[in-house]
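Please build the complete structure, drawing on both the sequences and the hints.
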Amino acid sequence: EPEVTQTPSHQVTQMGQEVILRCVPISNHLYFYWYRQILGQKVEFLVSFYNNEISEKSEIFDDQFSVERPDGSNFTLKIRSTKLEDSAMYFCASSDYGQGPHEQYFGPGTRLTVT
Amino acid sequence: GEDVEQSLFLSVREGDSSVINCTYTDSSSTYLYWYKQEPGAGLQLLTYIFSNMDMKQDQRLTVLLNKKDKHLSLRIADTQTGDSAIYFCAEIGGATNKLIFGTGTLLAVQP
Chain A
123 EPEVTQTPSH QVTQMGQEVI LRCVPISNHL YFYWYRQILG QKVEFLVSFY NNEISEKSEI
183 FDDQFSVERP DGSNFTLKIR STKLEDSAMY FCASSDYGQG PHEQYFGPGT RLTVT
Chain B
1447 GEDVEQSLFL SVREGDSSVI NCTYTDSSST YLYWYKQEPG AGLQLLTYIF SNMDMKQDQR
1507 LTVLLNKKDK HLSLRIADTQ TGDSAIYFCA EIGGATNKLI FGTGTLLAVQ P
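Just so you know, the sequences run in chain order A and B. Here the first sequence stands for residues 123 to 237, where the numbers follow our numbering. Here the second sequence stands for residues 1447 to 1557, where the numbers follow our numbering.
Accuracy of the hints is not assured; some may be wrong.
To be verified - Only pairs whose alpha carbons sit at most 20 Å apart, straight line, appear in this in silico SDA-like list of lysine to any residue: (1) LYS164(A) <-> ARG1459(B); (2) LYS1516(B) <-> PRO223(A); (3) LYS1502(B) <-> PRO124(A); (4) LYS164(A) <-> LYS1502(B); (5) LYS164(A) <-> LEU1553(B); (6) LYS1514(B) <-> PRO124(A); (7) LYS164(A) <-> SER1453(B); (8) LYS164(A) <-> THR1549(B); (9) LYS164(A) <-> ASP1472(B); (10) LYS1482(B) <-> ARG233(A); (11) LYS1482(B) <-> GLU225(A); (12) LYS179(A) <-> LYS1482(B); (13) LYS1482(B) <-> MET211(A); (14) LYS1513(B) <-> LEU1553(B); (15) LYS164(A) <-> GLY1539(B); (16) LYS164(A) <-> GLU1484(B); (17) LYS179(A) <-> LYS1513(B); (18) LYS1502(B) <-> GLY162(A); (19) LYS164(A) <-> TYR1477(B); (20) LYS1502(B) <-> GLU225(A); (21) LYS1513(B) <-> PRO124(A); (22) LYS164(A) <-> SER1519(B); (23) LYS1482(B) <-> ILE160(A); (24) LYS179(A) <-> THR1542(B); (25) LYS1482(B) <-> LYS1514(B); (26) LYS164(A) <-> GLU1448(B); (27) LYS164(A) <-> GLN1490(B); (28) LYS179(A) <-> GLU1448(B).
Simulated from the structure, these hints should not be mistaken for laboratory data.
Listed below in C-alpha cells is the structure:
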C-alpha cells in the first residue's frame, strides 16, 4: 500500500541553524501539507502546497519557513534559523486533488529537537 | 476561530465497546475525520463522515454526527488491545484543505 515517507526520523540541531525536513508524498497525489505537534499540544496546520505554490498557510508559517518541491518526488520544509520553540514533531501529508473529502495521508513524522 | 475538543483519556476492558467523543465549533465544517496514532507512529486515517450524514459504519467502527449540537463520536465495537492508541478528531470547513485537530483521546484497553 502506498505511503508517505519522511526523513530523518529525528533531527537535533542548534539554535540558529537551518534545517531541511524531507518528505516523499504518495506518488499520484497533488496536494501536500506540513503540520506540526509540539509536545503535549494539538496537531497544528502549517502550510498546504499545490501546483508548485503555497495554497494556504497559517500564522505560524512566517518568513523563517519555506517549502519546496525540488523534483518530482520530494517535498521539503526548510526552517531558516531555528528557535527553541520550533522543537516539535513535524508531519507531512498528501492528498488527491479534487472535490470531496480530501483524505490526507500522513507520514510517520520527523522529531525536531532544537538545543 | 475554529476549535475542536475531546476528552483526554478513556479506559475500557477488552471486548467492550469504546465511545470517543468530540465537539467542534465551526458550523461550516464539511467533513469530519477520525485519525489514530500509535506510539512512535504517524497519524492513520481511520474514517470520515460528510456533514450531511448522521451515521457511517465501517466494520467495527461507527461514526455518529449530531450537526445541531456539533458533536461527533467514534464507537469501536469489541475493543482489542491493539486498539490502544491516541484518537484524534479533525474537521475541514469551508473553502480550505487544512485539518483542524482536537486534543486527542488516549484509549487504554485493559486485557
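Structure-based check of each hint:
1. Simply put, LYS164(A) and ARG1459(B) have alpha-carbon atoms about 27 Å apart, too far for the 20 Å limit, and the pair is violated.
2. With a C-alpha separation of about 18 Å, the suggested pairing of LYS1516(B) with PRO223(A) holds against the 20 Å cut-off.
3. Of the pairs offered as hints, the one joining LYS1502(B) and PRO124(A) is violated, with about 25 Å between alpha carbons and a cut-off of 20 Å exceeded.
4. Distance check on the hinted pair: LYS164(A) and LYS1502(B) sit about 26 Å apart at the alpha-carbon level, beyond 20 Å; violated.
5. A threshold of 20 Å between alpha carbons decides the hint, and for LYS164(A) with LEU1553(B) the separation of about 17 Å falls inside it, so the pair holds.
6. As the CA atoms of LYS1514(B) and PRO124(A) are separated by approximately 37 Å, the hinted pair breaks the 20 Å bound.
7. Taking the CA atoms of LYS164(A) and SER1453(B), the gap is about 13 Å. The hint holds against a cut of 20 Å.
8. Annotation: proposed proximity of LYS164(A) to THR1549(B) holds, straight-line Cα distance about 5 Å (limit 20 Å).
9. The straight-line distance between the Cα atoms of LYS164(A) and ASP1472(B) is roughly 17 Å, inside the 20 Å bound, and the hint therefore holds.
10. Simply put, LYS1482(B) and ARG233(A) have alpha-carbon atoms about 18 Å apart, close enough for the 20 Å limit, and the pair holds.
11. Among the hinted pairs, LYS1482(B) with GLU225(A) is consistent with the structure: their alpha-carbon atoms are about 14 Å apart, no more than 20 Å.
12. Taken as a hint, the LYS179(A) and LYS1482(B) pair is broken in the structure, with Cα atoms around 24 Å apart against an allowance of 20 Å.
13. Taken as a hint, the LYS1482(B) and MET211(A) pair is honoured in the structure, with Cα atoms around 16 Å apart against an allowance of 20 Å.
14. Taken as a hint, the LYS1513(B) and LEU1553(B) pair is broken in the structure, with Cα atoms around 24 Å apart against an allowance of 20 Å.
15. Pair hint LYS164(A) plus GLY1539(B) holds up; C-alpha atoms about 18 Å apart against a cutoff of 20 Å.
16. For the hint linking LYS164(A) to GLU1484(B), the alpha-carbon distance of about 16 Å falls within 20 Å, and the restraint holds.
17. Simply put, LYS179(A) and LYS1513(B) have alpha-carbon atoms about 28 Å apart, too far for the 20 Å limit, and the pair is violated.
18. Between LYS1502(B) and GLY162(A), the direct Cα distance comes to roughly 30 Å. Violation of the 20 Å bound is thereby established for this hinted pair.
19. The straight-line distance between the Cα atoms of LYS164(A) and TYR1477(B) is roughly 19 Å, inside the 20 Å bound, and the hint therefore holds.
20. Restraint check: the Cα-Cα separation between LYS1502(B) and GLU225(A) comes to about 16 Å, which is no more than 20 Å; the hinted pair holds.
21. Simply put, LYS1513(B) and PRO124(A) have alpha-carbon atoms about 33 Å apart, too far for the 20 Å limit, and the pair is violated.
22. Simply put, LYS164(A) and SER1519(B) have alpha-carbon atoms about 19 Å apart, close enough for the 20 Å limit, and the pair holds.
23. The hinted pair formed by LYS1482(B) and ILE160(A) meets the criterion: a straight-line CA distance of about 17 Å does not exceed 20 Å.
24. Restraint check for LYS179(A) and THR1542(B): the C-alpha separation of about 10 Å stays at or below 20 Å, so the hint holds.
25. For a cut-off of 20 Å, the pair hint linking LYS1482(B) to LYS1514(B) is broken: about 26 Å separates their Cα positions.
26. Between LYS164(A) and GLU1448(B) the CA atoms are separated by roughly 13 Å; this keeps the pair inside 20 Å, and the hint holds.
27. Restraint check: the Cα-Cα separation between LYS164(A) and GLN1490(B) comes to about 16 Å, which is no more than 20 Å; the hinted pair holds.
28. For the hint linking LYS179(A) to GLU1448(B), the alpha-carbon distance of about 15 Å falls within 20 Å, and the restraint holds.
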